[in-house]
Amino acid sequence: MSKARVLVGTRKGAFILTSDGKREKWEVSEPHFGGWEIYHVKGSPADPNRLYASQTSGWFGQIIQRSDDGGKTWQTPDGGPELKPGEMPKGESNKFVYDTSAKPLTTHQWYDGTQHPWEFKRVWHLEPSLNDPDTVYAGVEDAAIFKSTNGGKNWQELPGLRGHGTGPKWQPGAGGMCLHTILIDPSNPERMFIAISSAGAFRTDDGGKTWKPINQGLKSEYIPDPTAEIGHCVHRIALHRSRPNVLFMQKHWDVMRSDNAGDSWHEVSGNLPTDFGFVIDVHAHEPETVYVIPIKSDSLHYPPDGKLRVYRSRTGGNEWEALTKGLPQSDCYVNVLREAMAVDRLDSCGIYFGTTGGQVYASADGGDSWNAIVRDLPAVLSVEVQTLP
Amino acid sequence: MIRVVIPYHLRNLAKVGEEIELNIEGPVTPRSVLDALEERYPMLCGTIRDHVTKERRAFLRFFACQQDLSHDPPDTPLPPEVVSGAEPFIVLGAIAGG
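As they're listed, the protein sequences go chains A and B. Under the working numbering, residues 1 to 389 are what the first sequence spells out, in order. Under the working numbering, residues 1001 to 1098 are what the second sequence spells out, in order.
Keep in mind that the hints are not guaranteed to be accurate.
Okay, derived cross-link-like pairs now, DSSO-like style, lysine-lysine, Cα gap no bigger than 30 Å in a straight line [claimed, not checked]:
(1) A:3 to B:1054
(2) A:95 to B:1054
(3) B:1015 to A:153
(4) B:1054 to A:121
(5) B:1054 to A:84
(6) A:3 to B:1015
(7) B:1054 to A:296
(8) A:219 to B:1054
(9) A:90 to B:1015
(10) B:1054 to A:153
(11) B:1015 to A:95
(12) B:1054 to A:147
(13) A:169 to B:1054
If you are wondering where the hints come from, they were derived from the structure by calculation, not from laboratory data. Model, not experiment: these values are computed from the prediction.
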C-alpha cells in the first residue's frame, strides 16, 4: 500500500509525519534542527529519499541541509560521504552570493522609496528538479533565484531575473522581499514560474536565462497604479501537472486564474467570504478542483468569524464551498502561511495544511472531512507531502 | 592556546563541545580568532560573520574578560588573558524572543 510522508517546517524545527495509505494513524518524528526556523522542506520527485531543507536563523544565517534517506539523517550538502575522514564541510553549501554580472542593477526600492542594496537574508523555498535529484532551485530573500546542480553543494544565481529591467522598482512587502514560489512546468523543463512579494509573478521559457513579468489582469489598489506591470503582492501560485498552462493564484487580495501560462489573469474569487489568504493548491487528480483558506485582513490575519474553513471550488474558481467537518468552527484565530498547504497523489487525494497554532490538518477524502494529525507543533511555516510506493 | 566559546546551535552544527581550543600564530585579534575558527570548522563560515563582507552578524556579540568587544575594529588585539588562555573569547547570541 502506498504511504504518505508529510514534511513540516516550523519556527523551531522540522518534523516528519508518516502514515500508510489510509492516513488515519500518523507517526510524528522528533524535531530535526530543533530551535532553528525551517522555512521549507521538500523532497525530490526523482528520488523521494532525497530531501532538502532550508534551516535559517536571524542569529546565525542560512544553512542548507540534505537528507539521502528520507529524513532519517541529515548533512550539509558539502559534508557528504565523499569527505575524507576528518575533513570538514567547507560551508559552501550555505553561501548564496548575488551574481555581480547583474550590475548596474545592485539596488531595489526600499520602504521609504530610496534605493537599497540587495542583501541575502534566507532561503524561503527549495524546488527540486522534476527529474534530477541533484538539481534544485532556491527562492531567496532579497528576491532572487539560485540553482544548484550538485545536490546543494554550491549555488549560482540565475541573474536574468533580478536583472530584469523592473528590478529597481521591486520593493519588500511586510514579510520581506521574498521569492517564495517556484513552479516547474512538467511538460517543459525550460519553463518556470516564480512569484515575489511584492513584485509579482514572472515566467522564464529558457531555463531561467530571461524572465518576463506575467501580471496582466492583476489589480492591486495598494499600489499607485493598480494595474502596473510589477508591484503586486502575489502570495502563492499553483498548477496541476496535467495542465501547466492553467495557473491559480492567491494574491494579497483576489484569487486569480490564468489559462495562458500567466499571460493574462482573471479574478475567480466568486463567493469567498474574503478573497485574502496565503495558500492555494489544486487537487491531484481533478485539475479544476482548487483549495484556498480565506483569512481576514488587512491586518488581522486570522480566519473570519473564528471559523477555520477550507474553501473548495470544483469549477476552477468562482463557485466555492466551505469545508468545515473536523475543523474548529469557533474561537479559532490561527493563520495559514503561504507555504503551508500541499496535496498528495494517493487515489483519494489527501489535502494538508499547517497553522501558526502548530496544528497540521489532513483530509484523506479531498477535503470533505479533516483531522488534526498533530496539534502542538511550533508555528508551522511550510507543509509538503510525498506520496511513496 | 586560545579558548573560544560559541553558542549552543553553532556547537551542534560544528559537532563540538562547550569550548574550542585554537592555536593562533601572530596577533590574537577577533579577526584572527574567527579566521582560525572557520578554517578548522568551515561549516561555521557565514554563521558568525557574513560570507562575503566578513561583518559580524547583527545578533551576535563578542565578549571577553567581562568586556563587550563587538564594536572594536576586527584587528584590535584581544586582552592578554585571552592570549594566555586564562579567559575565553566568547561568541554570544543576543538575548531575544519569548
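Outcome of the hint check:
1. A:3 to B:1054: Not satisfied, since the Cα-Cα distance of roughly 46 Å exceeds 30 Å.
2. A:95 to B:1054: Roughly 13 Å between the alpha carbons, so the hint for residue 95 of chain A and residue 1054 of chain B holds.
3. B:1015 to A:153: Roughly 19 Å separates the two Cα atoms, so the pair holds.
4. B:1054 to A:121: Roughly 15 Å between the alpha carbons, so the hint for residue 1054 of chain B and residue 121 of chain A holds.
5. B:1054 to A:84: 28 Å, holds
6. A:3 to B:1015: 34 Å, violated
7. B:1054 to A:296: Measuring from Cα to Cα gives roughly 42 Å; hence the hint is violated.
8. A:219 to B:1054: Violated: residue 219 of chain A and residue 1054 of chain B sit about 42 Å apart, past 30 Å.
9. A:90 to B:1015: 14 Å, holds
10. B:1054 to A:153: 21 Å, holds
11. B:1015 to A:95: With Cα atoms ~20 Å apart, residue 1015 of chain B and residue 95 of chain A stay inside 30 Å; holds.
12. B:1054 to A:147: Answer holds: residue 1054 of chain B to residue 147 of chain A is near 24 Å, not above 30 Å.
13. A:169 to B:1054: 29 Å, holds
Hints 1, 6, 7, 8, counting from the list given before, are not met by this structure.
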